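**Q** Join the two chains, each given in its own frame, into one complex according to the hints.
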Amino acid sequence: MAGPATSYLRSIRAISVLVVHPKDRDAEDLLAQLRRIGCQASAVWPIPADVPVGVRAVFLSIRPETLDSPQVRRLAQAGHAAMIGVTEYENPATVEALLTVGAVAVVPKPIRAIGLLTTLALALSVYDKADASAKRIAKLESRLTALKEIEQAKSILMARSRLNEAQAYAVLRERAMARRVTVEEIARAVLAAHDILGIDPPAGS
Amino acid sequence: MPGEVDERDDWPVGLLFSQTGPTAFIEQTQLNATLLAIEQINAAGGVRGRPLRPVIEDPGGDAAAYGVAADRILDRYPGSVLFGCYMSSTRKAVLPVVERRGALLAYPAPYEGFEYSPNILYTGAAPNQSIVQLARYLIRHVGRRFYFVGTRYVFPIEANRILATLVAERKGQVVAERYVRLDSKRRAFDDIVRDIREKRPDGIFSTVIGETAVSFYAAYREAGLDPRDMPIASLTTTEAEVALMGAAVAEGHITAATYFQSVSTPANTAFVAAYKARFGADAMTNAMAESAYFQTLLVAQAIETVGSQDPGRLRPALLQAGIAAPQGHVQVDADNNHCWLWPRIGRAEASGEFALLEEASVPVKPDPYMLTHGLDDWGDAARGTPAFQRV
Chain A
-16 MAGPATSYLR
-6 SIRAISVLVV
4 HPKDRDAEDL
14 LAQLRRIGCQ
24 ASAVWPIPAD
34 VPVGVRAVFL
44 SIRPETLDSP
54 QVRRLAQAGH
64 AAMIGVTEYE
74 NPATVEALLT
84 VGAVAVVPKP
94 IRAIGLLTTL
104 ALALSVYDKA
114 DASAKRIAKL
124 ESRLTALKEI
134 EQAKSILMAR
144 SRLNEAQAYA
154 VLRERAMARR
164 VTVEEIARAV
174 LAAHDILGID
184 PPAGS
Chain B
4 MPGEVDERDD
14 WPVGLLFSQT
24 GPTAFIEQTQ
34 LNATLLAIEQ
44 INAAGGVRGR
54 PLRPVIEDPG
64 GDAAAYGVAA
74 DRILDRYPGS
84 VLFGCYMSST
94 RKAVLPVVER
104 RGALLAYPAP
114 YEGFEYSPNI
124 LYTGAAPNQS
134 IVQLARYLIR
144 HVGRRFYFVG
154 TRYVFPIEAN
164 RILATLVAER
174 KGQVVAERYV
184 RLDSKRRAFD
194 DIVRDIREKR
204 PDGIFSTVIG
214 ETAVSFYAAY
224 REAGLDPRDM
234 PIASLTTTEA
244 EVALMGAAVA
254 EGHITAATYF
264 QSVSTPANTA
274 FVAAYKARFG
284 ADAMTNAMAE
294 SAYFQTLLVA
304 QAIETVGSQD
314 PGRLRPALLQ
324 AGIAAPQGHV
334 QVDADNNHCW
344 LWPRIGRAEA
354 SGEFALLEEA
364 SVPVKPDPYM
374 LTHGLDDWGD
384 AARGTPAFQR
394 V
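Here the protein sequences line up with chains A and B, keeping their order.
Residue numbers for the first sequence, in the working numbering: -16 to 188.
Residue numbers for the second sequence, in the working numbering: 4 to 394.
The shape of chain B in the complex, shown without the other chains (with noise of 0.2 Å):
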């Protein structure tokens, strides 16, 4: 029905963030961020003059539980965007229940690929965004030598495939690869710093995330071990996470992000200076709270062309969306779903922020079946992935 503009006095949407579990502590950082761009749209006017109205939900870390709140906010509000989830685990537990409905989720988290519906709009990294720019730094910069770690769960897991294919094209070699529990306690990590004491590789390569990526760095750190000597990589260990174990445990270590609150543009200081006004001094961005922040001006600006939240008719706005996002300008890929973004590696600095080690100087393509993760390819300017460049 072209044309036809939804008729209610504002436009409700679905919030699916924990603010309960072991991942509270980064999803509130993101439910922090999607409110201050909803506020921020309603003091501008809201939407064809009506205002976002969020719909909270608290999956409390649990997948299952996604699955089950998308649908009781559907049927509440049938037709309603969602925007949310952090682990893929909870990604893939709402993915069913928006195909069948033929609703519409904003996914702001990076992520290890592989997926695309119609149904998902992905603002996150996807590997040729993060994994690929951090396996170049590390082979260049760290060694060839690497020791995995990782949350067992989709996203370390494919990860850990990716990156261990990258590096053994640089022959270099995956020493071990282990996995923790998400809600694995302190001592889980005693054995494995042993290990990595006794194999002593040139860096770690850490997928452990959540509550538990802090007391992994925290065992790191008192069995005395060196990031100068052995860094640990990640690709989820944001200013968040860092707040969490203390600025002085994470300093140091290396991250791939598309965003770092040390960003310089000019959307990133209104960015930083209107979160910090709104939440407090203390409080910190990161890369899956600006993801969060600009997927919702995305979808909000979608709304405002086509005048509906029905998926089958934002889908077309959407996929010709693009934004000045505190990143760099992002675009969302009319083929895939997923963002052009810019990725980065930063290093944990004393202050709790990263300092920025290299930068994309373009946005880079989202290419999420990247079936052929080569460290050369990533630079082919034929598939409009340009070659990164030191900052």
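Here chain A stands alone, though its shape is the one from the complex (with noise of 0.2 Å):
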């Protein structure tokens, strides 16, 4: 039966990849395989300064000479494409220069054309499970503060107007409609304007 995977397969081969790799038999096996599964793959060395907008997933050769360099650092910073480490063998250095870009996934030499699908497929998968949750916790940790302006801004309210706390939230919400701004942020100028006049914050706030 036709379930996710059909559908998330489909996805990928519309998908732009971008192999980083020196020109030799293992880059051109590697981007003949991209192409016969139906994705937009092109390839680069040595390593750009970025990786193109719209390019979904990178190979990138790790190579003990280019470990260190300033180049792969930027690659693994820029985040926002999966990575997927190519190498030669394996040993401590090596996995530890995967971990350090980032990789969600590993192609080991010489490349093999069956298993390719399977590897850009899980990657794609974990690199976007993680995306995600990055942009989950981002959007959640800014909801935390602002809930955190939010009870402080209702503490200056409710000690200098002497109100109640649902008193001191809908004069907050009350402003906020009027100036069709959100409460955070009438929290926030409370907050500012109560910085300026230098009152004190109550006590227990």
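Derived by calculation from the structure, the hints in this document are not laboratory data.
As the structure is a prediction and not an experimental result, all values here were calculated from the model.
Glycine included, every Cβ here is placed at the ideal spot set by N, Cα and C.
Treat each hint with caution, since some may be false.
[To be verified] Calculated Cβ distances over 10 Å to all of chain B for the following chain A residues: (1) Gln16; (2) Val89; (3) Ile97.
[Stated by the list, open to error] Between beta-carbon pairs, the in silico distance windows are: (4) B:Arg197 x A:Arg126: 37 to 47 Å; (5) B:Arg56 x A:Pro35: 52 to 62 Å; (6) B:Asp193 x A:Tyr(-9): 30 to 40 Å; (7) A:Arg18 x B:Glu172: 22 to 32 Å; (8) B:Arg56 x A:Val109: 49 to 59 Å; (9) B:Gln304 x A:Arg119: 28 to 38 Å; (10) A:Asp51 x B:Ala179: 53 to 63 Å.
**A** Set out below in structure tokens:
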């Protein structure tokens, strides 16, 4: 039956993939198989300053002489594509390099056509999940900060205007609606004003 | 070592076709067709003046035995080309052997795609040369509700996945997906046929293979079901299966394949005549036998060109090879080792042959990783897959 795998695999066919590898037989085999799968694959060497926009996965040659290069670090930090290491051998240095560049999968040489589709599918899945988690965490963190600011703003209003908590929140909300901004933004304005006016936050806040 | 030529006095080639077991009746036709091609080549003077010598193994339909047999042939005759396999599970068993040993397998059967090995030449249909055309036909002429029955192994499972996707795209529905074992007996289908009567699909997609297919079609016919209301559509029910089940049982059912004995090309007229002359007037050709036949001619032609069976030297010649096959002119695709083939839709007739309902007007480029199996995009001229035409 057509399951989630089918739709997931279908999306792979349309994606753009960058092979960062010296031009040799392995690079050719890798490119040929990616194109057979149907990916938009291109190759580049030496290591580019940036990953072009739209590239969803990068096959990066992990070589002893390039491990420490600033380009590799910059590629790893850019982090908007799934990083797949292409390795010649395995030893602690290779493993460390893979971890450093944030590889989510690895393809050992010599390149074998069979297995690449699976590796690519899993790498994209792991990358997408990690990416979604990171975005969710960032969103939660900013939400948490906003909630803290609203709490502080409420405390200030409660202390200055002798309001209870519900009333203080109602004031913030009314102002936000009147100015067509969010409650968080009003709370931040209250905190800023409070800061400038030099009034101490109420005890316990 | 360019230019170096093999110095043996013949060319041993390994043949891996089961002559026993549940798929023997079809693999025997592949073996026959391969032997016919070898005999024709040898009668015409061989390859570079030396005959091809068939080294025959009988893996008995057991997947693991194919791997063992491949190793055994390559131990005795290192570097000889292998021809063979029918079920995908048997090809999957030989694949690691030929990759490990740098050998070459020519594989003459339609399969489920999603494979590329530099060590395999694929001469049967990929899904974009078979399932896509069948799906189009079914949606246009049969209906929207389908019942899937298959043998539980890699080909049926993947073929069902592909067809289910195509059917869903056209707002169609798969009402059930049932599997049987390769060694299932006739009664295994009692329950399935009962369920089919109850669910009343517009059509049935069968990937039941081997002798079990005979049981299924017979159980269907015995239950009084009518192909005019609810045809069974298949990718593997060829003239050989029809002969085994009896033409009356098969009549009216649909098969998508790149070849039927009824194809009218000069090459096919000669092929059918030679096959009957060699194996008896009642013997019939089929899509698997035709692939086995033309792939032997293709490989021999490449050996003739480079003067060696060494896969490293044979490959470049094979990737440019083309031949007037019985199904039409076929060409190896240099990108993926599969072949440009001629998809067709046939309906089984009382004679045991298939009437051609549709056929491609030009060969279709193989696309083994075709993940976007849209029914419309296979007519995309940019991808070299021309539109299908009614006969």
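**Q** All hints are to be evaluated individually against the structure, with a verdict given for each.
**A** For each hint, the structure was consulted:
The Cβ of A:Gln16 does not lie farther than 10 Å from every Cβ of chain B; its closest approach is about 7 Å, which violates its non-interface assignment. Chain B leaves A:Val89 outside its interface by the beta-carbon criterion, the shortest separation being 20 Å against a cut-off of 10 Å. Not every Cβ of chain B is farther than 10 Å from the Cβ of A:Ile97; the closest lies at roughly 6 Å, contradicting the non-interface assignment. A hinted range of 37 to 47 Å for the beta carbons of B:Arg197 and A:Arg126 is inconsistent with their spacing of about 57 Å.
For B:Arg56 paired with A:Pro35, a C-beta distance near 55 Å keeps the hint of 52 to 62 Å intact. For B:Asp193 and A:Tyr(-9), the hinted distance range of 30 to 40 Å is satisfied, since their beta carbons lie about 38 Å from each other. Evaluation of the 22 to 32 Å hint for A:Arg18 and B:Glu172 yields a pass: the beta carbon distance comes to about 25 Å. Between B:Arg56 and A:Val109 the C-beta distance comes to about 51 Å, which sits within the given range of 49 to 59 Å.
As the Cβ distance of B:Gln304 to A:Arg119 is approximately 60 Å, the hint placing it in 28 to 38 Å is violated. A hinted range of 53 to 63 Å holds for the C-beta pair A:Asp51 and B:Ala179, which are about 59 Å apart.
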